[in-house]
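A.B. asks: Sequences listed follow chains P and H, in order.
Sequence positions in the first sequence follow my numbering and run 1 to 297.
Sequence positions in the second sequence follow my numbering and run 1001 to 1166.
Honestly, I wouldn't trust all of these hints.
One-sided and incomplete, this derived list gives chain P residues near chain H with beta-carbon spacing under 8 Å [to be verified]:
1) Gln35
2) Tyr83
3) Leu104
In short, the hints are calculated from the structure, not lab data.
Cβ coordinates follow ideal geometry from the N, Cα and C atoms, glycine included.
Each chain, letter by letter, is given below.
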Amino acid sequence: MKPSPFEYVCPDTLAGALDALAQDPDYSKVLAGGQSLVPMMNFRLARPERIVDINKIPDLDGFEVQGDRLRIGARTRHLSVQYTDQPGPLGNLLREAASHVGHLPIRTRGTFGGSIAHCDAASEWCLVSTLLDAEMTAQSTARGTRVIPAADFFQAIFTTALEPDEILTSVSLPILDDNWVAGIAEFARRAGDFGIVTATAAVQVVDDTITEARVCIGGVSEVPFRSAAAESALRGATWSPDAVTAAAEAAAEEVDPPSDAHGDAAYRRDLVRALLPRALGQAQKQAHEQVRKTEAG
Amino acid sequence: MTELTVPLRLYVNGERYDIRVEPRRTLADALREDCGLTGTHLGCEHGVCGACTVLLDGQPIRACLMFAVQAEDASVRTVEGLAPDDETLHPVQQAFWENHGLQCGFCTPGFLTLIAGHLEAQPDASEEELRDVLSSNLCRCTGYQNIIKATLCAQRVLQGEEDDRL
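Make a model of the complete structure from these sequences and hints.
C.D. replies: As structure tokens, this is what we get:
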């Protein structure tokens, strides 16, 4: 239950961290919040020989609006995301998703980018990134700066497109305009546990008609699953309980979930059926609140 | 590879500790073994149980998931740093005493630091929010009801102190 010995470096520049990583990438690990890496080291499931701590590097955290996208620094703590003042549907989705990430003492240390680079199948941030077609920016001394779309980034459980000498520096998400609404619903046996199934959805509604739809399900495959069937069931439909039920049914049919100690495939399908309407219901509630605010204002 | 200890300056409960540790030493182990502050308990050592919760610059963290070298120059507050003096308990400790918020006491230091830290940051947290925060830590004795009672009681006391100052 104690980590094996390692060499510790804590550079105060990104270039310094990239250099340290480049010396022996296969035996080095980047340490940000440490909420996944350190448990693995305590169990000796991970035994890196060099730890490159990026906590002293400036400008790796925070939020920045760049045109129609929001850039989130990779080292932004989950708690900062939970308290972000980003307006509109994207802000709502980020705050709601953050409230599902572990517990308060995990959120104070754990980071947005760390969760994405770790690529746990239950990670809320991998799910949101896949839902919104996020773009990951990675840097290395060998390759410079690369931008990797979410669809190419998440490859398998704990496996991403990041090379061992690369550091994920930021993630950018599209800022959804006010015609969009978005929601997330997760089922776990206890608050703060890894979700068994998580559903997230974003829909664009113009005059009660769904003009665009994004649906992504976690916990049914190694990486978050975009449900094309649910998206096409929603697209063009009237924003109604029937459309939501049809989309949930389509997603439940389309997924091919694993069976494990937390739940068998049929149970996970049932969770998809139950959770997608909850995610969309949360979205609809937001839409009503927006209408109320507009009318009141 | 060679394993070397490094000098480390920690500030815990307002006191400075000059120690030497291996980089792999977790903050929890450094507090217990090198600073002699055994109030911080270690349960699961992978961030689940919360027994090792301490405040780092005022925020609750898992001391088993941070290396001591990462806490250099930060302000660490442990359960030993809650009570203002030897004769007086911190309001959260007093509330645990009065509401039977503990039985065996193993998880208690983690709960006390978690609650004290959160009530300082969010004095007006709702009961729902406090319940969510309490779900961070595990207690196998009390069934949580008395911990919730104690937390709400401590919140009222702390809010009262706030009012008295105004």
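A.B. asks: Hint by hint, note whether the structure agrees.
C.D. replies: Okay, the hints, checked on the actual structure:
1. Gln35: Interface hint status for Gln35 (chain P): holds (6 Å vs cutoff 8 Å).
2. Tyr83: 11 Å, violated
3. Leu104: At about 5 Å, which falls below the 8 Å cut-off, the nearest Cβ of chain H leaves the hint on Leu104 (chain P) intact, so it holds.
Hint compliance for this structure: hint 2 is the single one not met.
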